[in-house]
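There are 4 protein chains.
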Amino acid sequence: MEKNLEPGRHLLYMEWYTGGDVGLFMKMNKILFSGQSEYQRVDVFENPELGRVFSLDGITMTTEVDEFMYHEMLVHVPMFIHPNPKRVLVIGGGDGGSTREVLKHPSVEEVILCEIDPMVIEAARKYLPTTSVEFDNPKLKIVNENGAEYIKQFKDYFDVIIVDSTDPTAGEGGHLFTEDFYKACRDALTENGVFSAETEDPFYDRAWVGIAYNRIKNAFPVAKVYMGFMTTYPSGMWSYTFASKGLDPLKDFNPEKLKNFEKKDTLKYYNEEIHVASFALPTFVKKLIGVEK
Amino acid sequence: MEKNLEPGRHLLYMEWYTGGDVGLFMKMNKILFSGQSEYQRVDVFENPELGRVFSLDGITMTTEVDEFMYHEMLVHVPMFIHPNPKRVLVIGGGDGGSTREVLKHPSVEEVILCEIDPMVIEAARKYLPTTSVEFDNPKLKIVNENGAEYIKQFKDYFDVIIVDSTDPTAGEGGHLFTEDFYKACRDALTENGVFSAETEDPFYDRAWVGIAYNRIKNAFPVAKVYMGFMTTYPSGMWSYTFASKGLDPLKDFNPEKLKNFEKKDTLKYYNEEIHVASFALPTFVKKLIGVEK
Amino acid sequence: MEKNLEPGRHLLYMEWYTGGDVGLFMKMNKILFSGQSEYQRVDVFENPELGRVFSLDGITMTTEVDEFMYHEMLVHVPMFIHPNPKRVLVIGGGDGGSTREVLKHPSVEEVILCEIDPMVIEAARKYLPTTSVEFDNPKLKIVNENGAEYIKQFKDYFDVIIVDSTDPTAGEGGHLFTEDFYKACRDALTENGVFSAETEDPFYDRAWVGIAYNRIKNAFPVAKVYMGFMTTYPSGMWSYTFASKGLDPLKDFNPEKLKNFEKKDTLKYYNEEIHVASFALPTFVKKLIGVEK
Amino acid sequence: MEKNLEPGRHLLYMEWYTGGDVGLFMKMNKILFSGQSEYQRVDVFENPELGRVFSLDGITMTTEVDEFMYHEMLVHVPMFIHPNPKRVLVIGGGDGGSTREVLKHPSVEEVILCEIDPMVIEAARKYLPTTSVEFDNPKLKIVNENGAEYIKQFKDYFDVIIVDSTDPTAGEGGHLFTEDFYKACRDALTENGVFSAETEDPFYDRAWVGIAYNRIKNAFPVAKVYMGFMTTYPSGMWSYTFASKGLDPLKDFNPEKLKNFEKKDTLKYYNEEIHVASFALPTFVKKLIGVEK
Numbered sequence: 001m002e003k004n005l006e007p008g009r010h011l012l013y014m015e016w017y018t019g020g021d022v023g024l025f026m027k028m029n030k031i032l033f034s035g036q037s038e039y040q041r042v043d044v045f046e047n048p049e050l051g052r053v054f055s056l057d058g059i060t061m062t063t064e065v066d067e068f069m070y071h072e073m074l075v076h077v078p079m080f081i082h083p084n085p086k087r088v089l090v091i092g093g094g095d096g097g098s099t100r101e102v103l104k105h106p107s108v109e110e111v112i113l114c115e116i117d118p119m120v121i122e123a124a125r126k127y128l129p130t131t132s133v134e135f136d137n138p139k140l141k142i143v144n145e146n147g148a149e150y151i152k153q154f155k156d157y158f159d160v161i162i163v164d165s166t167d168p169t170a171g172e173g174g175h176l177f178t179e180d181f182y183k184a185c186r187d188a189l190t191e192n193g194v195f196s197a198e199t200e201d202p203f204y205d206r207a208w209v210g211i212a213y214n215r216i217k218n219a220f221p222v223a224k225v226y227m228g229f230m231t232t233y234p235s236g237m238w239s240y241t242f243a244s245k246g247l248d249p250l251k252d253f254n255p256e257k258l259k260n261f262e263k264k265d266t267l268k269y270y271n272e273e274i275h276v277a278s279f280a281l282p283t284f285v286k287k288l289i290g291v292e293k
Numbered sequence: 001m002e003k004n005l006e007p008g009r010h011l012l013y014m015e016w017y018t019g020g021d022v023g024l025f026m027k028m029n030k031i032l033f034s035g036q037s038e039y040q041r042v043d044v045f046e047n048p049e050l051g052r053v054f055s056l057d058g059i060t061m062t063t064e065v066d067e068f069m070y071h072e073m074l075v076h077v078p079m080f081i082h083p084n085p086k087r088v089l090v091i092g093g094g095d096g097g098s099t100r101e102v103l104k105h106p107s108v109e110e111v112i113l114c115e116i117d118p119m120v121i122e123a124a125r126k127y128l129p130t131t132s133v134e135f136d137n138p139k140l141k142i143v144n145e146n147g148a149e150y151i152k153q154f155k156d157y158f159d160v161i162i163v164d165s166t167d168p169t170a171g172e173g174g175h176l177f178t179e180d181f182y183k184a185c186r187d188a189l190t191e192n193g194v195f196s197a198e199t200e201d202p203f204y205d206r207a208w209v210g211i212a213y214n215r216i217k218n219a220f221p222v223a224k225v226y227m228g229f230m231t232t233y234p235s236g237m238w239s240y241t242f243a244s245k246g247l248d249p250l251k252d253f254n255p256e257k258l259k260n261f262e263k264k265d266t267l268k269y270y271n272e273e274i275h276v277a278s279f280a281l282p283t284f285v286k287k288l289i290g291v292e293k
Numbered sequence: 001m002e003k004n005l006e007p008g009r010h011l012l013y014m015e016w017y018t019g020g021d022v023g024l025f026m027k028m029n030k031i032l033f034s035g036q037s038e039y040q041r042v043d044v045f046e047n048p049e050l051g052r053v054f055s056l057d058g059i060t061m062t063t064e065v066d067e068f069m070y071h072e073m074l075v076h077v078p079m080f081i082h083p084n085p086k087r088v089l090v091i092g093g094g095d096g097g098s099t100r101e102v103l104k105h106p107s108v109e110e111v112i113l114c115e116i117d118p119m120v121i122e123a124a125r126k127y128l129p130t131t132s133v134e135f136d137n138p139k140l141k142i143v144n145e146n147g148a149e150y151i152k153q154f155k156d157y158f159d160v161i162i163v164d165s166t167d168p169t170a171g172e173g174g175h176l177f178t179e180d181f182y183k184a185c186r187d188a189l190t191e192n193g194v195f196s197a198e199t200e201d202p203f204y205d206r207a208w209v210g211i212a213y214n215r216i217k218n219a220f221p222v223a224k225v226y227m228g229f230m231t232t233y234p235s236g237m238w239s240y241t242f243a244s245k246g247l248d249p250l251k252d253f254n255p256e257k258l259k260n261f262e263k264k265d266t267l268k269y270y271n272e273e274i275h276v277a278s279f280a281l282p283t284f285v286k287k288l289i290g291v292e293k
Numbered sequence: 001m002e003k004n005l006e007p008g009r010h011l012l013y014m015e016w017y018t019g020g021d022v023g024l025f026m027k028m029n030k031i032l033f034s035g036q037s038e039y040q041r042v043d044v045f046e047n048p049e050l051g052r053v054f055s056l057d058g059i060t061m062t063t064e065v066d067e068f069m070y071h072e073m074l075v076h077v078p079m080f081i082h083p084n085p086k087r088v089l090v091i092g093g094g095d096g097g098s099t100r101e102v103l104k105h106p107s108v109e110e111v112i113l114c115e116i117d118p119m120v121i122e123a124a125r126k127y128l129p130t131t132s133v134e135f136d137n138p139k140l141k142i143v144n145e146n147g148a149e150y151i152k153q154f155k156d157y158f159d160v161i162i163v164d165s166t167d168p169t170a171g172e173g174g175h176l177f178t179e180d181f182y183k184a185c186r187d188a189l190t191e192n193g194v195f196s197a198e199t200e201d202p203f204y205d206r207a208w209v210g211i212a213y214n215r216i217k218n219a220f221p222v223a224k225v226y227m228g229f230m231t232t233y234p235s236g237m238w239s240y241t242f243a244s245k246g247l248d249p250l251k252d253f254n255p256e257k258l259k260n261f262e263k264k265d266t267l268k269y270y271n272e273e274i275h276v277a278s279f280a281l282p283t284f285v286k287k288l289i290g291v292e293k
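Top to bottom, those sequences are chains V, R, A and F.
Heads up, the first sequence stops at 293 in UniProt numbering, and the numbers go up one at a time, no gaps.
Heads up, the second sequence stops at 293 in UniProt numbering, and the numbers go up one at a time, no gaps.
Heads up, the third sequence stops at 293 in UniProt numbering, and the numbers go up one at a time, no gaps.
Heads up, the fourth sequence stops at 293 in UniProt numbering, and the numbers go up one at a time, no gaps.
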């Protein structure tokens, strides 16, 4: 028995991982928002350990306490490879965490955040102030469009494209995992353009890392999987794929740029060693994606 | 895995019964309200099976689909014993279900609903229309007072008093289970006055039925436990105690009055046979409350 | 957090009720048996509140602490109507609780317990001593047969038949809910024969009470639904159907026989008033089964 | 509802992480063992996704599917730094996974597995064949002693000591996190001796990483934290601490030795790049343990 019942300790959020036999549970201290949009179920609640938790269709997208791990790794790995990123497109990422990280780079002049679901933007603006903090930045433009369609109008335009999607099986995430979409991203990039995408966990969702990586590799001259801890995502072991029209995520990495990065103090996860180390993959992941037999 | 995730099937409400080792869980389809008042935690959500569910401090108070069982048994047993009930007091019962049943009796001229917590009244008005349906009835007066204090100002005034409290261990329910309170209820009743109180379940909360019954028996000349099914309360087996200054719940029961009851069609649980049968107690309950050795 | 983790408080048994959106959870203190038979999944565990819990396919069959409610109501209602029951058949009921109650009647000479699944008998013998206590009684014969087939060989033989089945949708319970089966039961009974069957709960499983009652009514001259509390079954509100070739469960009830019952002290639920009261049905149940419009 | 109930999907194992507001749940397909030893509660069950799961006091120790991540990182990082490890002590680690990895090194002549709880050894031998596979290897000696006491008798004896403990707050894990214990380990090592210990997750259990690291640093001339994914441990982000009397885990790492490692094909996680990368720490971990302000 909960001897001293604290608010909300009788309300449980359960995220069933792929297969449905394992998952994470969180107590819901306070429920801030719970709605059904045209695309998906949207929930925001508070957990004593994790702060505000944002979920789509029962899948955790963001928790206030650990979102930095994911957003820093997704964003700064490509952003520090491009020599001078000015125009950046973030597809998905309606909580605002990725655009917040992008806007730490002083060279950036224009960021487009293409989030399909207006309810996500509204909920983030109202209930997730730590990720949506830059929503009123004049450099940022928010559009509510299907990213896979929206990208097609751009050719040779963006310096960096970041795909911050939901799972391929959740909500509207699936169309952001096709080879056609990756090719459209490539075409929308400038010559020095770089790209990153979240490519799922290689443990519970093991098929998707390989599928996504190989599709990206077919679309781009350079493609490499990198990894980072992400404590409230399934397995805690998250994969990302870096791609580019030519720049290499290790050879073209300049630690000096990061050392002089004005906002360095705001980075809680990403650093010089982590940039390099994140491309070292456990043997089973190498086999899973086919870079080792 | 939930193959086709329906809205809210990943959110679980868990009610730990006394002791904390058994309880009921409900999926939360939609969360309508979730707040913390001065007195308690208040939640209202939708469950596909049970409709709207209203809970205080993680204890289920009302579900749209089965509240009639509880409210009909708590209210009509005393109301049909009193020959001509005009003035009725309901203590607790902020969802409005008990006053709705009281107001079905055409003799009633004045009903006071004494609910300590204004947040309960507001939440009921807004989210529980089927129980709060009579909140604007001119015969009804709602006061937000502590029932155990409020009752003291009345002497020889009410024809019927109904105690529709939360559990003695939850929220502010405890002060509605003292012998002083029951005596104050007796004093507030007219000569023909009758009384009923919910007195918990005799399975998980077994101590309380006997305690409450014996305190009521000390305060009133007539006191008898009766029971009814209440499907979403712990054990599904609910006890009530009838008391009066003289009227007997069986000898003074007039089935004719019920046969001619204009609102009879609105009763889904209570009927002539049930009135009588509800005073037949399982042997272990008789022993628990001390009416059989 | 469970401050002082007690054994097994991290293991949860969850029984999803019909529909899957509501259910009971129990902590598993100690797991005594967990097996898969030819017919069903069989689990026996200990719960601090409920003692030993026995479940088939995730549906609670018996808990040590409340099984008396169910077994007494299922067995003694028909047994006290028959003037002199000698031969009794229990179909299902492999935990032994029903045959234990049957064997309290001194007139009984022969009891057949027809439980399809030998694993249930073995598990009960080993882990449920309080229900299987009479398994070695020389008057008892245990057969592992499909009850729906086994019954066909008997004509005009049994004084009492008791159907103590699992749910129609669980394990092998379905074939014990057909009209052909009920007719075979009728044919296997002697002229004064009486019959009872568990017929599910009228709240979550609402269709089955009416279906079972009406099929039994088609097979027998006399058929009446009665009810009792059953705290760990879905909704806590359990229905049984009494049937006979002519005897009436109320008119032919002789309270004297019960007053003189030698084993009366062992009855914890059933008594004279309860026998009569259990045939009083809530209005919604009368409508559900069609005895009231 | 689980439309097609598969065995055991109604039984849930819940691991409450530190604080008790977040945790992992796993369905229990089949329960193989559930016992209470002198020291702790021991459970072994099967999960469709994770294979056999072994837990102590409700804390997951090993799952068949991901234990390689933990055991390879705990064992091979120190084993590949020592130039010629002959005598190895594993403290804790009763499932056998660490000793299995140790025995892959051909130089090893003697391994002592000091597991305090005989029930863990027995359960592992019987139900965890993939980790306990080397229990009958003649080079291995299993002793059931308190590691913190047992270590005191050795001076200048072991080449490698591996602390494979449970959590400091679970079972008997606490005494393996004291500075005295770490000093006793140092004294039991030979001149070239190396050491590793699991030092918890820096997210939920954040205090312990810093405490353990700083105590180890006080006891040893060289001490460095390294990290790896461990998918079913809290947060999926696991820390280990390497220590030695002088050898450095990076400067003294010889990738050639690993390239020529005969059992290389059996390694599923650990490889040359991972060895180096595992010492790159996220910024917040550096701050947590005090190596960066």
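It should be emphasised that the hints constitute simulated quantities derived from the structure, not laboratory data.
It is possible that part of the hints are untrue.
[Stated by the list, open to error] Cross-link-like lysine-lysine pairs, in silico, DSSO-like; alpha carbons within 30 Å at most:
(1) 287/V <-> 257/V
(2) 264/R <-> 287/A
(3) 287/A <-> 293/R
(4) 293/V <-> 104/F
(5) 245/F <-> 263/F
What you are looking at is a predicted structure, and each value in this text was computed from that prediction instead of being measured.
Hint check results:
1. 287/V <-> 257/V: Answer violated: residue 287/V to residue 257/V is near 33 Å, above 30 Å.
2. 264/R <-> 287/A: 14 Å, holds
3. 287/A <-> 293/R: 38 Å, violated
4. 293/V <-> 104/F: 22 Å, holds
5. 245/F <-> 263/F: 27 Å, holds
Violated hints, in rising order: 1, 3; the structure is consistent with all others.
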